[in-house]
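J.: What follows is the residue order along each chain.
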Amino acid sequence: MSEPLLSIENLITRFPTKRGRLTAVDGVSLTLERRETLGLVGESGSGKSVLGLSVMRLVQPPGMIEAGSIRFAGTSLLDLSTDEMRRLRGQRLAMIFQDPTATLNPVLTIGEQIGEVLRWHLPSIGPAELRERVVEMLDRVGIPNARQRFGDYPHEFSGGMQQRVIIAAALILNPALVIADEPTTALDVTVQAQILDLLRRLKDGEPETAIVLVSHDLGVVGEMCERIAVMYAGNLVEVAPADDILDDPKHPYTVGLIASIPRLDREVGALNPIPGRLADPVTPPPGCKFHARCAHAFERCRVERPVLKTLVPGRQVACHLHD
Amino acid sequence: MSATSPASVESLDPPVAAGRRFVSELVRNPKGLTGFVLIFGVVFIAIFAPMLAGHDPTRQVLEARFLPPVFAEDGTWGHILGGDNLGRDILARVLYGSRTSILVALLVVFNAMVVGSILGAIAGYFGGLLDAVIMRIADFQLSFPFILVAILMLAIVGPGFWTMVFALSVALWVRFARLVRGETLKIRELEYIQAAKSIGVGHVAIIFSHVIPNVLPTIIVIATFDVAEVVIAEAAISFLGLGTQPPTPSWGMMISEGRNYLFENYWMALGPGIAIMTTSIAINLFGDFLRDTYDPRQERL
Amino acid sequence: MFGYLVRRVLSALLVIVCVVFVVSAISKLVPGDIVDMMEAGNPGMTEQDKAILREQLGVNKPVFETFTSYLGGIFRGDLGNSTRLRSSAAVLIAERVPATLELALTALFLALIVALPLGILCALKQGTAIDYFGTIVSTFGVAVPNFLIGIILILVFSVELQWLPSTGYKGSVVVAAWEALKAWDGSVLWDRMRYILMPAVSLAFFAIALNTRLIRSTMLEVIRQDYLQFARAKGVPERTVYLKHALRNALIPTVTIVGLQLGTLLGGTFIIENVFAWPGIGRLAVQSIFWRDYPLIQASILVAACVFVLINLAVDLIYRLIDPRIRYVRH
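Chains A, B and C, in that order, give the protein sequences. Taken in order, the first sequence gives residues 0 to 322; the numbers are from numbering that gives the first Met the number 0. Taken in order, the second sequence gives residues 0 to 300; the numbers are from numbering that gives the first Met the number 0. Taken in order, the third sequence gives residues 0 to 330; the numbers are from numbering that gives the first Met the number 0.
No lab work stands behind these hints, which were simulated from the structure alone. Hints are supplied without guarantee of correctness; some may be wrong.
With a straight-line cut-off of 20 Å between C-alpha atoms, the simulated SDA-like cross-links for lysine to any residue are [as the list claims (entries may be wrong)]: (1) C/243 to A/111; (2) B/30 to C/61; (3) C/243 to A/57; (4) A/17 to C/61; (5) C/49 to C/61; (6) A/17 to C/125; (7) C/124 to A/60; (8) C/27 to B/169; (9) B/30 to C/123; (10) C/124 to A/111; (11) C/243 to A/221; (12) C/124 to A/61; (13) C/27 to B/134; (14) C/243 to A/63; (15) C/60 to A/60.
Not close to chain C: a few residues of chain B, all C-beta gaps over 10 Å, as computed [as the list claims (entries may be wrong)]: (16) 145; (17) 154; (18) 178; (19) 235; (20) 239; (21) 240; (22) 257; (23) 258; (24) 282.
Heads up, the beta-carbon is just placed ideally off N, CA and C, and yes, glycines get one too.
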């Protein structure tokens with residue numbers, strides 16, 4: 000078997016705060032195959048966005064990656080120089096952000112903002128060719144009248160169209176990995192579906208691209224992804240093929256997440272939110288971080304932190320119940 | 000609609016509680032505290048100038064002409080900051096000068112605040128032509144720098160202390176008027192004001208009980224910064240010779256006199272310079288504290 | 000845009016007409032007899048001189064007639080005659096406008112050229128020594144009056160170090176720069192710049208302080224924006240992220256107040272010109288007040304006010320043209 004596209008090993012990312020060090024990503028190990036679509040799910044504050052930023056090496060100081068390794072297509076990302084890493088971003092690794100209105104620079108035209116990717120990675124490209132490629136990409140992401148809109152400013156687009164522009168910038172160089180951090184959260188429901196559809200189509204058209212879809216919405220991820228990783232308080236608690244996880248969740252937290260998806264076949268109002276709050280990331284409780292909210296917690300959960308174990312090939316869970 | 004009048008919140012907060020809050024906020028704010036202590040010092044000096052000075056600030060003594068300060072060669076403890084071109088004691092003049100600064104600042108800011116607030120309340124409350132006329136004058140004035148307006152006044156009426164007070168008051172009323180007008184307009188439309196009117200509460204009573212308490216924090220913040228601005232403006236206008244007239248000591252005028260002797264007798268400008276700088280920085284620090292504590296919406300630009 | 004342009008120009012014209020009205024009515028506003036007062040400042044006036052002055056200032060005419068005749072004079076380029084300097088007020092002022100504008104514009108330039116790097120550095124190095132230095136500079140700059148800065152500069156650079164002349168004016172720096180460029184000889188330029196440096200710095204100090212504060216705080220805000228992360232994610236190097244993506248946004252509020260600052264700086268020239276004996280309108284206006292030279296007072300106040308209104312108008316219109324977001328809000 001060839002090497003996976005991405006393999007993360009025991010990654011720890013921390014932010015110093017006034018109260019102490021906040022551990023946002025707490026020893027995560029994860030692999031991703033070429034062309035795979037992986038959903039990364041968790042509540043806000045679970046560390047899933049920071050995990051995505053860590054892979055891009057875009058965690059902003061004072062936050063920093065303190066330990067672990069990230070191998071991407073045979074190179075160790077954490078050993079690259081700043082400039083070598085920069086050259087990967089936008090070309091081999093790309094990122095799509097949550098709020099398109101805040102992500103686009105308000106004072107630059109969208110042509111400029113997409114063209115920037117080409118300019119930094121293909122230094123020899125001429126202005127005419129750059130323009131041609133940007134327009135072609137705008138067309139592919141479904142911006143009508145792409146040629147005329149090259150010189151427009153972000154505020155002249157709707158939220159959904161802005162997200163298409165960002166997707167265009169992310170995918171214009173056919174990166175091997177796209178990290179989409181809640182790409183639809185800030186959008187209207189109807190637009191959400193269109194954007195997800197676009198992502199799926201673009202991915203299918205590319206021979207190489209893998210996607211990590213970060214979301215708090217298990218419903219969205221279940222539709223889009225082949226595999227799902229569930230994150231809780233900086234740890235991965237369950238990793239499994241999408242169908243398995245939705246039909247037969249193993250971790251009590253995953254069970255809770257699935258129960259809280261609003262579904263048409265259930266009575267309105269029967270939402271089942273998980274009781275309690277996310278564990279404090281500065282001073283996490285001993286044992287399993289979920290035990291305070293877990294209905295099945297027993298003595299061992301309060302003292303020993305469970306590690307991710309393989310149940311059957313392809314299914315991993317971190318829970319003492321499944322020992 | 001809940002008819003909680005902001006004024007009633009104010010009445011729940013008696014002066015004692017407000018005073019306690021002020022003190023507890025102030026001691027936690029080193030910059031504000033520094034400002035407050037310095038302002039207190041300047042006011043103290045102004046009040047007790049005759050006892051502190053040791054010399055008559057206008058008396059000319061031949062031996063004291065261009066006498067260097069105590070820290071320079073040939074200086075004496077008799078004239079700590081030395082003597083000026085006419086042989087007057089510079090320290091005494093600096094100490095007495097604080098009276099001029101504070102007097103002008105208080106007079107001007109008081110005038111501007113009272114007149115501006117009244118005009119603003121009238122404009123906002125009665126609206127119509129009156130409002131239009133008052134606010135057009137305000138807009139007209141705001142389109143020029145404050146110092147230009149003051150100098151125009153001085154040009155018309157002629158230089159002098161009271162003219163300067165008048166000119167600066169005229170130059171500063173606008174901000175108060177705009178603020179009070181805006182608040183009055185808002186208040187006028189509220190239901191409980193309509194109710195108050197219908198039971199025969201007078202206009203003046205309404206403005207006093209509902210408008211003023213709402214804008215008071217902002218007014219105090221603006222007034223504080225205006226005091227700093229007037230201290231500087233008084234100094235600037237007196238520096239030009241258009242304000243306080245000799246022999247009354249004024250820091251600005253002293254600097255202007257010192258301007259002519261900078262090369263030989265730098266200390267003539269030193270004392271008043273430090274005095275203006277200290278006073279102005281003190282008021283600004285205290286003003287920043289007041290704004291951050293009581294009126295965080297205000298951004299000063 | 001066109002409608003806005005028309006409205007804006009009309010309102011500027013209206014302000015100018017109001018200024019003309021106030022200025023023309025000066026003889027009515029002065030307490031006491033204006034010509035007798037002028038005699039006090041200009042001893043040796045004959046009865047004939049006084050009669051001409053009464054006519055010129057419209058002492059015995061109704062207010063509106065004074066206004067129309069003054070306005071008529073403006074259209075003929077006649078702003079009356081200075082009683083003290085015995086020549087045309089219009090000419091006297093025209094000679095001095097360039098010096099004032101040059102001083103104010105130099106100060107504006109300094110206000111940007113100093114505040115920009117200082118503000119950016121303070122924001123990027125938040126909490127370090129540079130940041131504290133910037134905070135101290137801006138606290139002082141906002142609080143210390145410009146004429147005092149001028150005095151301090153004279154003490155340091157003229158009295159102590161003897162590097163720069165304490166007063167005077169040797170002609171336009173811009174003209175000298177042009178000539179220096181043609182002749183490829185910087186000595187003339189430096190000779191003139193020596194004179195403008197201290198007045199311009201004292202005038203600019205307040206604006207430098209304010210701009211440093213503003214640039215620091217907007218930059219701090221911009222640094223946290225998502226679009227910087229997006230730029231990084233595209234592979235844009237850090238330097239370009241700051242200098243292109245962050246700075247352009249941080250500059251918008253700064254540029255917005257810089258235009259208005261030109262007005263404040265022009266007001267400041269009234270004081271600074273008197274500190275450094277700079278031959279501009281501000282100095283002329285203050286001198287004319289001492290001389291009780293009312294025609295000259297009228298003319299200098301009028302011209303200063305008009306320069307002011309026109310500059311504000313120009314700044315406002317330029318903004319409409321350059322900032323896409325202001326354009327957008329207008330639609």
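J.: List, from low to high, the hint numbers that the structure doesn't satisfy.
T.: The structure breaks hints 2, 4, 9, 10, 11, 13, 14, 15, 16, 17, 19, 20, 21, 22, 23, 24; every other hint is satisfied.
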